[in-house]
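Student: I would like the entire structure built from these sequences, with the hints used as guidance.
Counting from 1, position 13 in the sequence shown corresponds to residue 13 in this note's numbering; the numbering is continuous, with no gaps.
There's no promise every hint is true.
[As the list claims (entries may be wrong)] Within a straight-line C-alpha distance of at most 30 Å, the following computed DSSO-like cross-link-like pairs (lysine-lysine) qualify:
hint, residue 1, residue 2
1, 33, 64
2, 64, 348
3, 26, 56
4, 23, 63
5, 363, 399
6, 348, 289
7, 23, 348
Honestly, the hints are just simulated from the structure, not real lab data. Source: prediction; values computed, not measured.
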Amino acid sequence: MTPIYSEQQQELASQIDGNTSLKNWKDWRWQLKHSIRDIRTIERLLNVQFEPEERKTLENTVKKFPLSVTPYYLSLIDREDFRNDPVFKQCTPNPNELIIGAHDMADPLHEEADSPAPGITHRYPDRVLFHISNVCSMYCRHCTRKRKVGDQEFIPNRETIEAGLEYIRTTPQVRDVLLSGGDPLMLSDEYLDWVLSELDTIEHVEVVRIGTRMPVVLPYRITTDLVNMLKTHQPLWINTHFNHPREITASSREALRMLADGGFPLGNQTVLLAGVNDCPRIIRVLVHKLVQNRVRPYYLYQCDLSEGLTHFRTPVSKGIEIIESLIGHTSGFAVPTYVIDAPGGGGKIPVMPNYLISWSTHKVILRNYEGVITSYQEPESYQSVFCDRNCDDCRLTLKLDDADEYQSIGIEKLLSYDDDAISLVPADNERHQRREDAAE
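Tutor: Now the structure itself:
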């Protein structure tokens with residue numbers, strides 16, 4: 001695909017490095033090298049000027065919560081209305097981040113408390129979160145792990161990764177591993193290949209997931225070499241993090257196309273953010289654009305109680321309103337699950353509009369998306385199976401291994417390389433009956 005560059009991107013590239021070319025712009029390492037990390041550079045590249053007091057407050061914010069924005073993501077900002085721009089609000093500091101609310105917590109999800117080994121958060125019975133990177137290409141202002149962002153002391157080294165891998169090896173109930181961070185795709189192809197290869201050797205790990213925001217903030221990281229490496233580690237699922245339709249560009253579409261064509265199921269986790277996407281119309285356009293690009297809207301998150309995020313939070317009623325505007329009004333697979341990640345490490349709790357109105361012994365009363373109220377007749381002859389946990393005597397079919405697709409018969413049986421039969425014998429063959437009688 002021929003790269004598409006806006007005039008703003010061309011201007012930014014020359015402002016950042018007068019000797020650069022548009023070829024450099026598409027180099028993800030060039031993008032990282034030239035990430036914007038201070039307020040003065042923001043002003044220069046966006047051609048804006050903050051008042052001295054505002055600049056001072058912004059710089060104080062950056063001292064507590066570091067700033068890092070890729071030139072690509074910065075180029076998406078509408079300079080004519082930057083203060084209201086959803087991209088600007090997600091990537092540049094806001095003095096409100098210094099307001100720590102009464103209920104704010106450094107680690108609201110208690111990831112540290114649920115960490116039995118370095119880099120591991122084990123909250124759910126059969127899956128773990130594996131922090132393999134603490135660095136991101138962009139520091140999102142709404143990040144739930146703001147406590148770790150940019151802190152060199154928290155960057156996991158190879159020894160830490162080995163300790164996490166050992167925990168997974170020795171915990172056989174873990175069948176699902178989510179690689180997170182930071183952003184796992186900040187690692188080199190070779191290093192990520194090593195981590196995935198180690199997980200491949202663990203028999204009880206059935207699926208691996210990668211959580212990344214690269215397709216949103218640095219789509220050029222999705223290279224042919226990366227995709228080819230990831231393809232050797234199937235089954236591999238990839239979840240990304242688009243929050244607004246403006247983030248879906250020609251470059252991000254190309255990144256998603258490469259991943260989808262690589263055979264990876266793609267999901268998206270959107271955070272509900274006040275002043276960014278807290279609008280049914282915005283979310284509907286977003287989910288439609290996602291499914292057009294073969295990305296399944298997975299979660300709509302209520303913003304966490306992390307320190308400095310008070311100004312981003314909406315009432316839960318806003319999330320329910322948005323889900324209400326989607327269910328029945330668009331394809332079911334385009335509707336994410338609205339969840340609150342419970343403070344204290346309680347995990348994700350689905351929060352949905354109420355469609356079950358009432359029920360009795362033989363009927364349930366329901367409403368649909370239009371407000372139509374209807375009843376559903378329960379079966380009158382249903383005999384529930386009492387479960388005493390004695391699986392050996394259970395009357396249900398508990399053959400849980402994969403079923404054989406077919407069993408060969410007739411001439412096909414003789415032609416098959418998977419069957420040891422050398423002849424087909426009629427059931428009433430006298431000669432074979434004599435053999436059986438003699439054997440008795």
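Student: What hint numbers does the structure not satisfy?
Tutor: 3, 4, 5, 7
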